[in-house]
Amino acid sequence: MRRVPMERPTDHYDARLFKIDEQLCALLEERREVSNQNPGFPPFKSIESWADRYRLYPDLLKSLFSLLLNEEVYLPLVEPAGFRKHLPVLRCAESGGKVYTLSGIRQYENASVVNLSIHGDYRERENEAMRAHTYIELELGEGYRCYVDQGTSSGGNSAYCFVVAPALPDDLAGVSFVFSEYERPLKRKPTGMEIVFRME
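For the sequence shown, numbering that gives the first Met the number 0 assigns the number 0 to the initial residue and increments by one for each residue that follows.
Bear in mind the hints are in silico, worked out from the structure with no lab data behind them.
Check the hints yourself; a few may be wrong.
Distance windows between CB atoms, simulated [claimed, not checked]:
1) Ala80 / Gly140: 22 to 28 Å
2) Gly140 / Met192: 44 to 50 Å
3) Arg7 / Leu68: 21 to 27 Å
Beta carbons: idealized from backbone N, C-alpha and C, even for Gly.
Whenever a hint applies, use it, and build me the whole structure from the sequences.
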């Protein structure tokens, strides 16, 4: 989704904090490198101990570590620019009572936009699993970054637009589109549902 530019919340800054803040940034970089960008989340018991030792609020530390856990959310977004052409695809697959349709791809100079539609009957009350909100992610392999730009859902039908950077080749032969479902954002708690469209 498009990110709203942040405005500096205040013009005030205590310049005596500059060195400390710079050290915080250096520690964040070191933390990322040591964890190989997979830090996990500290046990609550450790957070409470640190909060007590350093006179901090436990909820503040929990919020901080949540931000660090989800660092990829803050990667710069690629805005598709310079529309070139539309690639019709129209591939369908069925899983769990839903039909997944890869309808087409819009090609831009710097990115591609992949369109996925999902159709299912959510009126069946006994199938509560179909009513639960889940998250769909697209994987295209090494070298491609994918994120959801737009999504909508109503009456059992969902539609997603994924931005892919860099742009996909116009000849899609050999490209595999892997759509996976998760219970939580940022690819956490996979449901096991996976739809693969292999282009020939």
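Tested hints:
1. Ala80 / Gly140: 22 to 28 Å: holds, 24 Å
2. Gly140 / Met192: 44 to 50 Å: violated, 19 Å
3. Arg7 / Leu68: 21 to 27 Å: Between Arg7 and Leu68, where Cβ atoms are some 25 Å apart, the hint holds.
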